[in-house]
Amino acid sequence: MSRHSKNSTATHHFTYREKQAAGHGTLKRRFGKDAQLAFGSCCLCLKPILDKMEPLASPCGFLFCKGCIYANLLAQKKQIKLNVEAFKAQEEGRAAKDEATKHEAERTQLEAKMSGTTAVPFKKSAAERAALQIMSKVDLETLEEKSHELKRTSFWVPGFTPTAEVTMDKPDELTRDPMSNKPLKLKHLMPVQLKRSENETKGESVVLCAVSNKAITHQMAVLLRPSGQVIMESCLKEMVTPSMTCPITGLKLRTKDIVHLQAGGTSYSAHSQVEAKKYRPSMT
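Numbering (my numbering), first residue to last: -11 to 272.
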């Protein structure tokens, strides 16, 4: 006897592997370290930010190259300008259409007064309505009238499907952070001084804490806005918070001068969200 029960799709129940192969249900995948953005990398070009690139930080703690974020904000301004012009053209066309409709109604009322009839439609009796309906069915002689009648009644036919007018909402005129989608202007960007050191074990450049000279990989770090120094959050609690002065330059700090930066990603699921989901049709 052959083992038919061991073949795929031969069992009386739907196995887990068959469900995966069918392409139904939510698909989940974990990201590895290679898919995580390292600390000190630009959020737009994904490259390590060197001193010659003039690193900048947004109020939400995202790091960018000066060239990348400037190009992004400039592209946003150009798109906003195009959207505003399109919205103005739409409003002008709508106003002109309303004005034409108003003039047409006034002309109809004027013609009705000059011909001695009233412009207000009167109610017809049931017999008159039935007679008009029969006449309208019989008097469809021209091809244009028949086509118009089909478009009015046979709306389920693809060629006669009514189309809705495409309208455009009032565009947002604010440039936004490409990562957090919060309003962002050039004056909101803060210069950052990243202290880097070559990692001999991995052969890559890593960002160092300005105080402890420890590598910042996935640890929480902060930016001291007046001096542009980047330090670990542990050093902030021990050396900065008690005196509210920069340990490197000695500048006085306020609470709003301390900006928490986004931490780098790792391959550990407990540190950050490293799972992506793709929603697909479910089987019932």
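Because the hints were derived from the structure by calculation, they are not lab data.
Treat the hints with caution; some may be incorrect.
[Unchecked claim] With a cut-off of at most 30 Å between alpha-carbon atoms, the simulated BS3-like pairs for lysine-lysine come out as follows:
no.	residue 1	residue 2
1	K175	K21
2	K265	K40
3	K54	K175
4	K69	K158
5	K158	K170
6	K21	K240
[Said to hold, decoys possible] Listed next, with one range per pair, are the computed distances between beta-carbon atoms:
no.	residue 1	residue 2	range
7	L162	E99	46 to 54 Å
8	P171	P214	21 to 29 Å
9	N201	D157	35 to 43 Å
10	L34	M208	16 to 24 Å
11	V72	Q181	36 to 44 Å
Where a beta carbon is used, it is the ideal one built from N, C-alpha and C, also for glycine.
Exercise. Any hints from earlier that this structure breaks? Give me their numbers in increasing order, please.
Key: 1, 2, 6 and 9
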